[in-house]
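Following my numbering, the numbering of the sequence shown begins with 1 at its first residue and continues without gaps.
It should be emphasised that the hints constitute simulated quantities derived from the structure, not laboratory data.
The C-beta atom is built at its ideal place from N, Cα and C for all residues, glycine as well.
Some clues are possibly wrong.
Claimed, not checked - Label pairs and their in silico Cβ distance ranges:
1) R121 <-> A24: 18 to 26 Å
2) R44 <-> D64: 17 to 25 Å
3) N46 <-> G25: 29 to 37 Å
4) L99 <-> R55: 28 to 36 Å
5) D101 <-> V33: 30 to 38 Å
6) D119 <-> F72: 16 to 24 Å
7) D31 <-> R108: 32 to 40 Å
8) L141 <-> A94: 37 to 45 Å
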Amino acid sequence: MSTHRGQDPTTTTVAMDFGRVTLAGPGAEPDIVLMLFGTPGQDRFNSIWDDLSHRAAGAVVLVDTRRLEDAFTVVDYFEARHLPFLVAVNLFDAAPRYLLDEVRQALRLGAHVPVLACDARKRESVRDVLSDLVAHALSHLPASAHAALGARP
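Can you make the complete structure from the sequences, with help from the hints?
Printed below as a string of structure tokens:
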């Protein structure tokens, strides 16, 4: 999301992000290629969410503890669609720090939803979140889908 300091983020977001990331498969396993779409959390972008989540394997809800209430709509969206997701608590420099279980309770998340700490500015941290998302999404696939993907359940 692109915002300028002091401006209302509901009026400054102008685009979405796209990226392609290759995660090395463990051992002799094949690499995993992820197509990543970053969308703003404002309600006016809900139609984009519908298009992107249609064939998505999973989602990351990136949470800013300074605006935790903004995550409720996104969490509700993915829960309603039964799309595997995890919550990544972004460790901004000036943001208040909470235990991950406190964030889980505040967002009313079940134990089946992973809640992780991350720093979205650091490549390794983002890679770890994406690896956890892949594992989480694969754990929700039926065994027949694993076979079709050449993966082990």
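Right, here's what the structure says about each hint:
Against the hinted window of 18 to 26 Å, the Cβ-Cβ separation of R121 and A24 comes to about 22 Å, which satisfies the hint. In this structure the hint that R44 and D64 lie 17 to 25 Å apart at CB holds, the actual value being about 19 Å. Take N46 and G25: their Cβ atoms lie about 34 Å apart, and the range 29 to 37 Å holds. At roughly 35 Å, the beta-carbon separation of L99 and R55 lies within the given 28 to 36 Å, and the hint holds.
With their beta carbons about 33 Å apart, D101 and V33 fall inside the hinted range of 30 to 38 Å. At roughly 23 Å, the beta-carbon separation of D119 and F72 lies within the given 16 to 24 Å, and the hint holds. Taking 32 to 40 Å as the suggested C-beta distance range, the pair D31 and R108 conforms, at roughly 36 Å. Between L141 and A94 the beta carbons are some 39 Å apart, a value that agrees with the proposed interval 37 to 45 Å.
Checked against the numbered hints above, the structure breaks none of them.
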